[in-house]
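Colleague: Under our numbering, the residue at position 123 of the sequence shown is numbered 123, and the numbers go up by one with no gaps.
Mixed in with the good hints there might be a few duds.
What the hints assert, rightly or not - With a Cα cut of at most 20 Å, we get these calculated SDA-like pairs of lysine to any residue:
| no. | residue 1 | residue 2 |
| --- | --- | --- |
| 1 | Lys-546 | Arg-393 |
| 2 | Lys-531 | Lys-609 |
| 3 | Lys-619 | Trp-608 |
| 4 | Lys-277 | Leu-332 |
| 5 | Lys-314 | Lys-277 |
| 6 | Lys-277 | Arg-203 |
| 7 | Lys-611 | Gln-527 |
| 8 | Lys-611 | Ser-652 |
| 9 | Lys-651 | Trp-630 |
| 10 | Lys-534 | Val-554 |
Source of the hints: derived by calculation from the structure; they are not laboratory data.
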Amino acid sequence: MRLKRGSSGSGLHRHINSNNRGRCSGFNVPVVVLLVVCVFAPLLFFVGRGIHSAADAAGNDASTTGQMGNWKEQLAVQHLKSLLSKELIESMTSNAHDMGPWSLDSLRKNPFSSSWKVVGVGMSNKNNFTSDETVLDVKKETPPLKKDIIFTIAGILFDKSFICMIIIHRLLIPQQLELGGFSYYKIQRGFLFMMQQLRTKRREKRATQLVQQDDETTVKLENAAIERSKAVDSAVLGKYNIWRRDNENENSDSTVRLMRDQIIMARVYSSLAMTKKKLDLYHELLARLKESQRSLGDATTDADLQHSAPERIKSMGQVLTKAKAELYDCNLVTRRLRAMLQSADEQVRGLKKQSTFLSQLAAKTMPNGIHCLSMRLTIDYYLLPPEKRKFPRSENLENPNLYHYSLFSDNVLAASVVVNSAVVNAKEPEKHVFHLVTDKLNFGAMNMWFLLNPPGKATIHVENVDEFKWLNSSYCPVLRQMDSAAMKEYYFKADHPTTLSAGSSNLKYRNPKYLSMLNHLRFYLPQVYPKLDKILFLDDDIVVQKDLTGLWSVDLRGKVNGAVETCGQSFHRFDKYLNFSNPNIAKNFDPNACGWAYGMNMFDLNEWKKKDITGIYHKWQNMNEDRVLWKLGTLPPGLITFYGLTHPLEKSWHVLGLGYNPSVDRAEIENAAVVHYNGNMKPWLEIAMTKYRGYWTKYINFSHPYLRNCHLSE
Numbered sequence: 001m002r003l004k005r006g007s008s009g010s011g012l013h014r015h016i017n018s019n020n021r022g023r024c025s026g027f028n029v030p031v032v033v034l035l036v037v038c039v040f041a042p043l044l045f046f047v048g049r050g051i052h053s054a055a056d057a058a059g060n061d062a063s064t065t066g067q068m069g070n071w072k073e074q075l076a077v078q079h080l081k082s083l084l085s086k087e088l089i090e091s092m093t094s095n096a097h098d099m100g101p102w103s104l105d106s107l108r109k110n111p112f113s114s115s116w117k118v119v120g121v122g123m124s125n126k127n128n129f130t131s132d133e134t135v136l137d138v139k140k141e142t143p144p145l146k147k148d149i150i151f152t153i154a155g156i157l158f159d160k161s162f163i164c165m166i167i168i169h170r171l172l173i174p175q176q177l178e179l180g181g182f183s184y185y186k187i188q189r190g191f192l193f194m195m196q197q198l199r200t201k202r203r204e205k206r207a208t209q210l211v212q213q214d215d216e217t218t219v220k221l222e223n224a225a226i227e228r229s230k231a232v233d234s235a236v237l238g239k240y241n242i243w244r245r246d247n248e249n250e251n252s253d254s255t256v257r258l259m260r261d262q263i264i265m266a267r268v269y270s271s272l273a274m275t276k277k278k279l280d281l282y283h284e285l286l287a288r289l290k291e292s293q294r295s296l297g298d299a300t301t302d303a304d305l306q307h308s309a310p311e312r313i314k315s316m317g318q319v320l321t322k323a324k325a326e327l328y329d330c331n332l333v334t335r336r337l338r339a340m341l342q343s344a345d346e347q348v349r350g351l352k353k354q355s356t357f358l359s360q361l362a363a364k365t366m367p368n369g370i371h372c373l374s375m376r377l378t379i380d381y382y383l384l385p386p387e388k389r390k391f392p393r394s395e396n397l398e399n400p401n402l403y404h405y406s407l408f409s410d411n412v413l414a415a416s417v418v419v420n421s422a423v424v425n426a427k428e429p430e431k432h433v434f435h436l437v438t439d440k441l442n443f444g445a446m447n448m449w450f451l452l453n454p455p456g457k458a459t460i461h462v463e464n465v466d467e468f469k470w471l472n473s474s475y476c477p478v479l480r481q482m483d484s485a486a487m488k489e490y491y492f493k494a495d496h497p498t499t500l501s502a503g504s505s506n507l508k509y510r511n512p513k514y515l516s517m518l519n520h521l522r523f524y525l526p527q528v529y530p531k532l533d534k535i536l537f538l539d540d541d542i543v544v545q546k547d548l549t550g551l552w553s554v555d556l557r558g559k560v561n562g563a564v565e566t567c568g569q570s571f572h573r574f575d576k577y578l579n580f581s582n583p584n585i586a587k588n589f590d591p592n593a594c595g596w597a598y599g600m601n602m603f604d605l606n607e608w609k610k611k612d613i614t615g616i617y618h619k620w621q622n623m624n625e626d627r628v629l630w631k632l633g634t635l636p637p638g639l640i641t642f643y644g645l646t647h648p649l650e651k652s653w654h655v656l657g658l659g660y661n662p663s664v665d666r667a668e669i670e671n672a673a674v675v676h677y678n679g680n681m682k683p684w685l686e687i688a689m690t691k692y693r694g695y696w697t698k699y700i701n702f703s704h705p706y707l708r709n710c711h712l713s714e
């Protein structure tokens, strides 16, 4: 007899009892099998495990009993597997991971579906059970069934009650019984559907967690990048830096960024439209793209945008919405954006190389204004009568009791800043003597400038390096090497790059200053000034901020060179300047030895002569004719020549980096006696860092007629 949906609870029990009496063989056997599997098998399993545990403590006999328990457990599992399909086993495994062990509480919290309910006897006394017994009824708006009682007993006795429930369904298949109108197969399909929903929810939950983690990581990275970008001063990047410190408002320039984002997406969708043969949409995207690009132009802030920008944004937004509706595919858009990112990255690397090349090129050039100044001064100098070309106080030039400075330069304006800053900050300017050496092209201009602008009470003298007759190729290895065919080949023919970016790495070694004897004259100071005891060597890219007379009282302790060391960072040690793969370098020098800086050096000329510093320099320069020990420049041979002969000075005497480092501490600059614009960003060039340029321009009178005529200004 088929169970009816509307039966009462008591009627149902009477029906089942009568059915059992008439069809004992059809229902009792499955119940017996169920009880064996769900009751006795677990009991045997637990008893076996207890015996096995006791056996481990007692000895070998109990070990045999433990093995019997394991054998029974395996046998029970094999019986279960023979009753279940692979699909149901997978469902049970998924359910165990998702919901944990099945129990009454789990069923109450997670029923099979919205139409199934969990009812306990504690809520009704119609079934004549005691209050301590709990009955699980699975129904669809129907009274409880006896089959549900079996489910409850199995759930109490067996933690994974889902297994017993499936076994009951398997055993009831021959009986063709139905539960409230639902056959076994319908229940199975509903249950598998529920498992599928649970797996889907689990995947969605995991995906949400991963997305949330990715979002948090992205936010952290973006915040860190913003903090790092704030450390980059606007003086370096100028108005092209979107993270300038003056842009404190987070919403500033939002319109510019929106237009740029729209342009990027328009490019993506135009590519997809062409791929999918949607030519009308493709042409519409291109038209809006051109309009937005024209409206954006070179604008970097919202204030720079044209008045048509809002209308362009609106039009572009409409066509992008249309394109998204027709073309959006997450994978395609992602691949396209990734390709655009890689292309942009390659372009950035190329632009960085070109920027390095151009900065090296700019560092080698002379601005038009300074060239104009030199030409005008030279013309006027040679128009002067000879008697007006002499400087006063020439008797001080060889007085060893005065403070003598040496300065080698071909830049009139730079030399004037060095002299003027030193005199302005000197306590006794009448005791300071400046020895300038320049080349024949700038000799007239240098003389004329200081004749028109004398350095107060200080003494000044200008010489021409080409008039030093003793400085010839037979005596000086550098001059001989400069005249060699190998050097000319290196500079003017061989290994010249065919592109801008390819030549950026070697361009710095082809700087014309390396071909000028003014750069190498620092190794011949006793020959240039034979009657002096000490001299302070200055580069033309420095500014004096304090009185320097204290340097003459520094005890060099028998050393020749007094200089500020620069080995606070690893790249200022010997191994970064010299070729330690060469045995001549490796066996004579320590690769970790601390480097020092040219630019402000106190030289003891008496010790220089005793130790034959110029002879040491000649020796190593001859060994480096093929540039195997070091590349070009004067610092590497200086490190070699004065190795072990350099006395470290206090760092406050000489602060470096104003020509390349945008993060030099302002307090260090203010406290420094000398600041040095070493690097490519010289203060007289347009590429100079504006935050440091004021320390240099304060010593220039831009109202001077010569400067105005040559359009030199701050």
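Colleague: Kindly indicate which numbered hints from before are broken by the structure, ordering the numbers from low to high.
Modeller: 1, 5, 6, 8, 9
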